[in-house]
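Residue numbers (full-length UniProt numbering), protein chains in the order written: chain A, 1 to 66; chain B, 1 to 474.
Worth flagging that the hints you see were computed from the coordinates, not collected in a lab. Just so it is clear, CB atoms sit at the ideal spot from N, CA and C, and this is done for glycine as well. Treat the hints with care, as some may be off.
[What the hints assert, rightly or not] With a Cα cut of at most 30 Å, we get these calculated DSBU-like pairs of lysine-lysine: (1) B:Lys104 - A:Lys9; (2) B:Lys93 - A:Lys2; (3) B:Lys253 - A:Lys2.
[Stated by the list, open to error] Where chain A lies over chain B, by a calculated footprint (3+ residues, C-beta under 8 Å): (4) 77 to 84; (5) 319 to 329.
[Stated by the list, open to error] Beta-carbon label-pair distances, calculated as ranges: (6) B:Gln365 - A:Gln43: 47 to 55 Å; (7) A:Ile65 - B:Asp182: 52 to 60 Å; (8) A:Gln43 - B:Asp306: 24 to 32 Å; (9) A:Val61 - B:Val22: 20 to 28 Å; (10) A:Asp6 - B:Gly189: 47 to 55 Å; (11) B:Gln15 - A:Ile65: 39 to 47 Å; (12) A:Ile65 - B:Asp312: 36 to 44 Å; (13) A:Glu39 - B:Gly285: 35 to 43 Å.
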Amino acid sequence: MKVTVDEDKCCGAGQCVLIAPEVFDQREDDGIVIILDAEPPEQLRVPVREAAGVCPAAAIVLSEIA
Amino acid sequence: MNVPSGVLALRAKQQEGPLARVRLWDGSTPWLVTRYAEQRALLADPRVSADISRPGYPSSAPVNGSSTVSFILMDDPEHARLRRMVTAPFAIKRVEALRPAVQKIVDELIDDMLAGPKPVDLVEAFALPVPSLVICELLGVPYSDHDFFQDNSKTIIKRDASPEQRMAALGHLAGYLDNLLDEKLASPGDDMLSRLTERIKTGELSRREAAQMGVLLLIAGHETTANMIALGTLALLENPDQLALLRDTDDEKLVVSAVEELLRYLHITHNGRRRVALEDIEIAGQLIRAGEGLIMANDIGNRDPDAFPDPDRLDIRRDARHHVAFGFGVHQCLGQPLARLELQIVYSTLYRRIPTLRLATDLEQIPFKHDGSVYGVYELPVTWWLFPRTADRQRPRQPRGSHESDHRPGQVRRFRTVRGRRRGRVRSARRGRHRRAAQPRPAGGAGRRRPARGGGLPGAGHPHRGVTSGPIQS
């Protein structure tokens, strides 16, 4: 699984950090999303999918690595 | 729980279909969006505008071009520019760092309640002071000005306040925050207003915008969380099995999920989110024309059986995190991490500290805010059996988190009580009742008592319904 984010879309609600703190964090100065692990391991798939699902700004994009 | 007839009517509409025409006070007929999936889709759709000045916006009262318009009623890119100025203090880790301070506020308010007379109005003694003190701390408002703030923000959200009274109260707050900005410019501290002054210095933010943001954040932090505390307590008292689960658990995840479920179940922002279509939008087989208004009834969206099975059941073990109580889309509540933190601490502390908490009146006597811009109760008279807490009082209060540096954001720390001690407390509570008949109540905790806080109940919402529900989302 590959995780990308659209920083311009992000509204800093922080839900992704709550759900998958191993994969997402927020910038110090404006709370915008940072990716900590762009290719998270198998066991983090479920929380990462949930984080993408609840992201209010649809800023998280998931794709499968070929 | 008390289900208003208006809600039942909305639920009936939800069963008929995802969209329905409704008629507003001005004769306009916007769409009421009743179902969860369509609400989420439309709130996230860039073809939908939150700009209250656009023709067709379904406002809940006449719009005056007042200074109350803030970024909650703007579209990107202006909305994003302003929102990003105040996002950082609400970042998960920053909010998590407030946990010990919020726990202290909650503990001291409970100390005061236990030391004071019974019955007590939980709204005035606890539910309103918690978020007030927290937001004032966040903004760097001195405690001595807390009453002033509470009085004015109550006036702004009061339904029966005249427009003049509302404007005057807003003016007082804006003026006060403007002065406080001056002070923070001269000697900045570690608070949100001080950080806003940095943005003023760099020219990123005008002074007026900074003061407006201060007012918005201040108001947004008050009544919403207060209503969640009071109404949540009532909901739990009416569902004793759920209250027992929450009170007796050592599982921090259960507290987290209880907060989400109560946010879903109570859905205090019952005026919905309002928008206007910028282009023609086809959804659920229906064509929404450009310029038509949209009202997302998120309260019934959270009771949509397709999204939440058995939706009228309060089940704190349910996975409810996908609720829309904070809205959805780029305007989703900015303060949600802080709200979650406060509610996690309150729900995991109040019922443990006062395990015999109960209503001091009949449910039928509780005045609900059917007419408020935010749903809740005007008063919640509660009482409890007194129980000696000498063992706890002699123990020095340990700041939460001081010994748990590995704590993860979003999780609730383990509670200080263990099952054995809680059972012991209840037993001694019963002994205490007998003893109390023979001797005056020990003055335990009185030394910790703080000056009386600004009390009073939050007012009924004001005629700008839906407009002032704005502070909840941003």
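Here's how the hints hold up against the structure:
As the CA atoms of lysine 104 (chain B) and lysine 9 (chain A) are separated by approximately 36 Å, the hinted pair breaks the 30 Å bound. For the hint pairing lysine 93 (chain B) with lysine 2 (chain A), the CA-to-CA distance comes to about 25 Å; that is within 30 Å, so the pair holds. Of the pairs offered as hints, the one joining lysine 253 (chain B) and lysine 2 (chain A) holds, with about 28 Å between alpha carbons and a cut-off of 30 Å not exceeded. Using a Cβ-Cβ cut-off of 8 Å, 3 residues of the segment 77 to 84 of chain B lie near chain A, which meets the minimum of three, so the contact claim holds.
Counting residues of the segment 319 to 329 of chain B whose beta carbon lies closer than 8 Å to any beta carbon of chain A gives 6, which meets the minimum of three for the stated coverage. Taking 47 to 55 Å as the suggested C-beta distance range, the pair glutamine 365 (chain B) and glutamine 43 (chain A) conforms, at roughly 52 Å. For the pair isoleucine 65 (chain A) and aspartate 182 (chain B), the supplied restraint of 52 to 60 Å holds, since their beta-carbon distance comes to about 55 Å. Hint check: glutamine 43 (chain A) to aspartate 306 (chain B), Cβ distance near 29 Å, so the stated range 24 to 32 Å holds.
Restraint check, valine 61 (chain A) to valine 22 (chain B): a C-beta distance of roughly 36 Å breaks the suggested window 20 to 28 Å. One distance hint, 47 to 55 Å for the beta-carbon pair aspartate 6 (chain A) and glycine 189 (chain B), is violated here, with the actual separation near 35 Å. Checked against the hint of 39 to 47 Å, the pair glutamine 15 (chain B) and isoleucine 65 (chain A) passes, with Cβ atoms roughly 44 Å apart. Between isoleucine 65 (chain A) and aspartate 312 (chain B) the C-beta distance comes to about 43 Å, which sits within the given range of 36 to 44 Å.
For glutamate 39 (chain A) and glycine 285 (chain B), the hinted distance range of 35 to 43 Å is satisfied, since their beta carbons lie about 40 Å from each other.
Going down the numbered hints, you'll see the structure goes against 1, 9 and 10, while the others check out.
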